[in-house]
Amino acid sequence: MASVTALRERGSVEVQDVSHVYAGPGGEVPALAGISLAVAPGRFVVVVGPSGCGKSSLLMMMAGLRRPMAGTVLCDGRPILDPDPDRVGVVFQDASLFPWLTAADNVEFPLAIRRLPREERRRRAAEMLRLVGLEGFDGRYPHELSGGMKQRVSIARGLVQDPPVLLMDEPFAALDEQTRMTMGQELLRIWSQTKKTVVFVTHSLTEAVYLADEVLVMSPRPGRIIDRIEVALARPRTYEMMASDAFGRLRDRIWRQIRSAA
Amino acid sequence: MSRIGLVLARSAVVAAFLAAWEVLPRIGAVNARLLPPLSTTAAMLVDILGRPATTGDLLTTIGEILVAFALAVPVGAAIGMLVAENDYAGRVLKPLFFFVLSIPKSIFLPLMILALGIGFWQKVAFGIFSTIFILIMGATAAVESVRADHLLVARACGAGRLQTVARVYVPSMLPVLLETLRIAMIFNFTGVILAEMYASRTGIGHLIANWGEDFMMPQLYASVLLVALLAIACNETIRWLETRLSAWRA
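Going down the list, the protein sequences come from chains L and R.
Using my numbering, read the first sequence as starting at 27 and increasing by one per residue.
Using my numbering, read the second sequence as starting at 7 and increasing by one per residue.
So that you can see chain L by itself, here it is in the shape it has in the complex (with noise of 0.2 angstroms):
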């Protein structure tokens, strides 16, 4: 683990004994039970683990919009209590683009929100669909994309404020799976371009391998890191790793994992 200094940096990430109690119909149920973890800024950290374990609770509390009943989760080395999109930025399941707004309107609504004049919000919104590969875009409805075009947008409208952390729920879990390795590739450029620091959840094993410096394993309800797991591929990630002896290795202790925990 890094230091804790270095942890202070702009981009770090760092969940301190966060346990969190949801209140079910049958009285309440262990979401999350002591979970501590440190990301170092501009790493590419993957959460996964069984439905329901609580790794989306998890990532919403790193966003803020969601606070946890005990532990505190920092950023930049400053606790997160609300949703600060200067400093995180959130990429949902179902890319969540309003279908009343453009391509280009979508990816200015976090700049809208903070009045910025029209002019620079155009021009950023502009850059970003650039950066993910939708130039000449900017005026299609969301109805008009497909799948994965709308997951582009989404990603442009959670890097638009340029915050040095992105936050990612699942974010290809609709797609389908060409459509997913195609975004898994493009993220994985997007990534190497901004330099961001990046927390995605997904419960594809191969997904979290294929796109990670780090895997944290998380144990069913309540959720628990149960393994971390370094992966030492070499960057860039090509399609033909995932046919190598280390590729399989290690998707097969994060299933052992999981296996074992269920």
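Simulated from the structure, these hints should not be mistaken for lab results.
Here the structure is a predicted model, which is why all the values come from computation and not from measurement.
Backbone N, C-alpha and C define an ideal beta-carbon position, used for all residues, glycine too.
Take the hints with a grain of salt, since some may be wrong.
[Claimed, not checked] Some chain R residues near chain L, calculated using beta-carbon distances under 7 angstroms:
id : residue
1  : 155
2  : 159
3  : 162
4  : 163
5  : 164
6  : 165
7  : 169
8  : 177
9  : 250
10 : 254
Assemble the complex: chain L is given as a structure, and chain R must be docked to it using the hints.
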């Protein structure tokens, strides 16, 4: 099929209907005393629109409809949103609103006459009564059409309460709200005219009822035509707004 083809076919249906209206009474296929030809009806329409008494009745009816709508819409929308936003109120009241919505409002007319007389405000009251439950249900549905993930995006962007309302709630709700307004207007229109036909001294509904009882068929058909055109114009105006404001939809 092309758009022009559709418009042509639709116009052909209307033209055939109007032609039958003109020709059938003239050749004696239907009794001209029961169905005066279109030309006679149209001439009568021009005639009655020239009479100050009739235009006065028409204005009274339009006034009742507009006042009823202006009162019902904000009250109904406010109640609907309250019901949608407050979980407890929603669970208590929503089934009850559904019950009341299913009751034909006309059975309350005698009651309302006893309570309110047969003047302008009784028509307004009955118009509101005919409309408000549709508005409540529509406003509730509109709030419920706001997607939770959209609200989450707004929060993640640091949007305040007002910004969330203006940039997420309003555009999300607009299609359902306009649709509701349009349907509510149909019921409002029906309610006011019905109240006038049932018991009144003024209004176009009152004229229609009288002309029908007195077997004055050209006048009756002319007024039916007039009310029909008015209602269609009303409906199409809101529909035009709907399409204009939801160009983003597929």
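Consistency of the hints with the structure:
With 7 angstroms as the threshold, the beta carbon of residue 155 (chain R) comes within range of chain L, its nearest partner Cβ sitting at about 4 angstroms, so the hint holds. Interface restraint check: residue 159 (chain R) against chain L, minimum CB-CB distance 5 angstroms, threshold 7 angstroms, status holds. Hint on residue 162 (chain R) holds. Least Cβ distance to chain L is approximately 5 angstroms, under the 7 angstroms limit. Interface restraint check for residue 163 (chain R): the shortest CB-CB distance to chain L comes to about 4 angstroms, inside 7 angstroms, so the restraint holds.
For residue 164 (chain R), the interface hint holds, the least distance from its beta-carbon to any beta-carbon of chain L being 5 angstroms, beneath 7 angstroms. About 5 angstroms separates the beta-carbon of residue 165 (chain R) from the nearest beta-carbon of chain L, less than 7 angstroms, and the hint is met. About 6 angstroms separates the beta-carbon of residue 169 (chain R) from the nearest beta-carbon of chain L, less than 7 angstroms, and the hint is met. At about 5 angstroms, the closest approach between the beta carbon of residue 177 (chain R) and any beta carbon in chain L falls short of 7 angstroms, and the interface hint on this residue holds.
Of the supplied interface hints, the one on residue 250 (chain R) is violated, with its beta-carbon coming no nearer than about 13 angstroms to a beta-carbon of chain L, more than 7 angstroms. The beta carbon of residue 254 (chain R) comes within 4 angstroms of a beta carbon in chain L, closer than 7 angstroms, and the hint placing it at the interface holds.
Checked against the numbered hints listed earlier, the structure breaks hint 9 alone; every other hint is satisfied.
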